[in-house]
Amino acid sequence: MWKTEATGVLHVEPAARQCLPPCQIKCPINEDIQRTNVLISLLPDDIDLAKEGILQIGNYLYEKNPFFNICGYICGICELECNYLKKGGAIRRRLLKRFLSDVYTEHLKELREFKVVKDKEKVAVIGGGPGGLMCGYHLSRKGYDVTVVEASDRLGGALWLVPEYRLPRDVLQTTVDNLARVGGLDVRYNSRLGTANLTLERLKDEGYQAAFLATGLPYPRVLTFERQSLEGQDLAGVMYGHTYLYEVSHGNIPSDYFKGKRVIVTGGGNVAFDVGRSARRHGAEVTIVALEREDKDHRDGIPADEEEIRGAWEEGIRIIYSRGVRRIIGQNGRFKGIDCPACVSVFDESGFNPKFDCSNCIDLEGDVLVITVGQAPDIALLRKEGLLDEQGRLDVDHLTLQSRKKPWIFIGGDVRRVGFMVEAMGEGLVAAESIDRYLRGVDMKEGRRKDYEAYQIPLRKDYKREPEIPWMPPEDRMHFQMFEKGFTLEEAIEEARRCVTCGPCLSCKACVSIGFQKSLSPVEVDIARCSGCGHCVYVCNYYSARLVSSGGKVVSETDMFRCKSCGMCVVACPSQARSMVGDGTKEKIAAVYSSLV
Amino acid sequence: MSKYKPKLVCFSCKFSWGYLTDEDALSPEIENWVPLICTGKIDATHMLEAFKAGADGILILGCPEGNCHYQDGNYEARKRVYLVRSLLESFGIEKERIRIELSTDPEGKRIRESVDDMKRKLAKLGPAKKKSEEVTKARGGK
Amino acid sequence: MGKPKVAICWLGSCGGCDETIVDINEVLLRVAGAVDIVLWPVAMDFKYDSVKRMKNGEIAVSVVSGHVRNSEQEEIAKLLRKKSQLILAFGACACFGGTPGLANLTTKTDILNWVYRDAPTVVNPDGNYPQAAFRVNGEELTLPEFYGRVFPLNAIIDVDYYLPGCPPPPYLVMYALSGMLENKLPARGSTLAPHRALCDSCKRNKSKPDRISIREIKRIHEVEADPDVCFLAQGIICLGPATRDGCGESCMNINIPCRGCFGPVEGVEDSGAKFISTVASILDAESDEEVVRIVSQMIDPVGYLYRFLLPASILQKKG
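Protein chains in written order, with my numbering: chain A, 229 to 825; chain B, 1099 to 1240; chain C, 600 to 918.
With the rest of the complex left out, here is chain A (with noise of 0.2 Å):
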């Protein structure tokens, strides 16, 4: 079985030219997708085989993504700019990751702590999400001495409320407590900024030298129609989507909570569609308005993901586009219906901005009105830490995530920018990088805005379709365990086959890392040879060759961030103008020729 080395010279560089495969560009930690993809291809077919190069690639991911094993269950936004999109499905790389969970999330246990001798500043991370613990993760591997002061009596943050439908608790619960150790961070449960005396000035003295605030978004968004805030918010039967997907997670929902019960969610994120869905899965007859339309490529398009709305369509939960609330209807301090009137527009060029047809309303009867219209982060805590504006927002500089107002206090995540998980944690690595370059004093903003160019897909004579992936069937789903099928180690290496490497050499190296090549040999173009007859650009799949003018002379050269050193326009050059420097291939088939057996 083939070692891949993770270390040294095979490491992958960070991006020469900025050119990296589009989903490495979506990815907001540009994780090496292209390389362990190619890894996963490679596994023996064999589970107990396979098990120690899953290991390896593991170990490989977990030294810059702790949560990778999570993504496997509810990221993917690398698929939506997969070069495959278009050719037959993007490369279904969140089930690749999810596959690898299956056999790491256990391994984590097994981690044995950074060996890093903690000789520099103390740091504080506000916030033990996603985030926060990214930020703290790398810095602590640095050797910053860190801590993370989390309000909660649990690390992990917003992941919580994720329906364990989509992400199994115990996943989440082995991932952030063995990062807490792995990593070596210092944890402060129960200790939430702006109570007991706990501020930033007090963190401060306590001996933190620098802190990154990533206390994400704890309220809930009240319901508004107009700006005003809508009245019966405090009915019996009216409550917020982000609180009940709270009391779920701390699993003080019986499962038959909402059984019988008319359950109206406002709120077309997906969110709403967690909410809608727990629901569902509690019994309840579930109906979700949403402000947006249907069409999703439009702007008003509803933002909760294809599968999220399909899974409920599937489970028999009605959906009511463009319709918003203008009022809640009590009986008794009973909530008992809403009042919907056509909503024409969301947004427009001042941003989102609903726009209601009233004489086109219609009510809707329910027993319980959950309201799922985003959340908030804690504002006064934001305020009175002084860290806001004169416009109450949050003053960042965006690039390095530096407080305007306090230049030790870096901020990301939600609390700055609502986003995913991964979005978080891109965030968390910037405010790493930021921090230790504070500390050390060294220019903040060198080199730190990356343009990135994107490779287009290579050209090959057929493309596949995606795998379809199966789901329980809706009648089979009234329960919280996962309904998605995830992949067996033979659909996994087929489906890590199909990717097709768009990304340049540069960035992944996965054959030399196993052995496969000594070195990535760069082509040379003997320009005194070549007739620019084009022979090398119909055979290279890269659009790496190609032809230019040099002196009055069509003569070709070689793109070498975009060459795989495949050798193919080696062999295909009429005039033998072509050579790949440093490859032994020549010299291997001599020898053997020259002494046949």
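None of these hints come from the bench; they were simulated from the model. Hints may contain errors.
The calculated lysine to any residue pairs, modelled on SDA-like cross-linking and capped at a C-alpha distance of 25 Å, are [claimed, not checked]:
hint: 1; chain 1: A; residue 1: Lys781; chain 2: C; residue 2: Tyr770
hint: 2; chain 1: B; residue 1: Lys1219; chain 2: A; residue 2: Ser822
hint: 3; chain 1: A; residue 1: Lys279; chain 2: B; residue 2: Glu1121
hint: 4; chain 1: A; residue 1: Lys279; chain 2: B; residue 2: Thr1202
hint: 5; chain 1: A; residue 1: Lys292; chain 2: A; residue 2: Asp754
hint: 6; chain 1: A; residue 1: Lys816; chain 2: B; residue 2: Lys1222
hint: 7; chain 1: A; residue 1: Lys254; chain 2: A; residue 2: Lys692
With the hints as your guide, set chains B and C onto chain A.
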């Protein structure tokens, strides 16, 4: 007169053949073996040179259809093989002396089997050099 | 000192190479004035004996055309080598063996049988075959021995310079001759023609599409070829990409694809084999059946790829 043992040159692609086994462990079993990063690197010139060097046959083990790591290398190799076979017929070298197999064998166990199978077929055909010399043999010491 | 001595001799040649020397027209007169031609069987009345009497190295340049496949040709080649400082292999036959080289696909026996017995137009009731020696009236008559294969010149003697082409075009002949006489020559063993392939100067090269991908191979007589478009893009096999430049596209200009008479590009040993890899890259065929089908449309691959070059090919070359 010793029994004729055909000389077979075997090219194989690392991405589909034997990548789960250490190359050094496999190579004593496979004579005249050239593992490559892609069968697309095999030039038609290499194939003719093999026969010139005294080989009786060539076996090329490439990746399955649609599975080439470099997209179409295995297809290119196949086209070259068929063209070379067509050329070699005129030289009196039988088509069966070059074979290309597009399949996968991660452990590498089947490489030896394929080599042995081809050697059996080559044994029946006899040495390649003699045949082509028959055609081009001159009289009078030339 | 006297004028430098030059010999122009034909071995297994059709005469076209001598014709091309004549075609340098007025320049020939200047050349003839600048040198002493000591042997030119097709044009002048010198005998081999006079050459035999010369000192070794007395001839400055011997321009030798034609291949070697009988004992007389070998003898003359060796004689000129002894007596000359420089040997110029002139024309495709001398450089590579030429079209007669295709005879290397048959045996001497088969050739003689066909010519003297089996061809439909043969009338040879007594079965007379040429013999190397034959006694008649007490005397022995000899004929040069016919060898079993065609050899390029460098298989028989050391060659200093090569000038390929069938025949070489007059302007290259002029450059070669003047270079040799003025002693302005590249290293020994060089070919006195451009280094790059034909595509470098071919007008049709610009018309090539971004990708050539043909599903049919057509023969030149089967279609009306577009005179401005690359032959390969039209599915017609043209050896231009693998053939040395220098002929002035004499065939392309009359809408015939290149047949490769200038031989391989500088640094390539066997252009036929190389071209197989090149042509494979433009064939649109993946499955077994598709590849078999399109390859079968290349009728007579040896004839296409080695029309002028067979004796110098990998499998036929000596050593």
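Here is what the structure says about each hint:
| no. | hint | result |
| --- | --- | --- |
| 1 | A/Lys781 <-> C/Tyr770 | holds, 22 Å |
| 2 | B/Lys1219 <-> A/Ser822 | holds, 24 Å |
| 3 | A/Lys279 <-> B/Glu1121 | holds, 21 Å |
| 4 | A/Lys279 <-> B/Thr1202 | holds, 21 Å |
| 5 | A/Lys292 <-> A/Asp754 | violated, 41 Å |
| 6 | A/Lys816 <-> B/Lys1222 | violated, 29 Å |
| 7 | A/Lys254 <-> A/Lys692 | holds, 23 Å |
This entry does not satisfy hints 5 and 6, going by the numbered hints stated previously.
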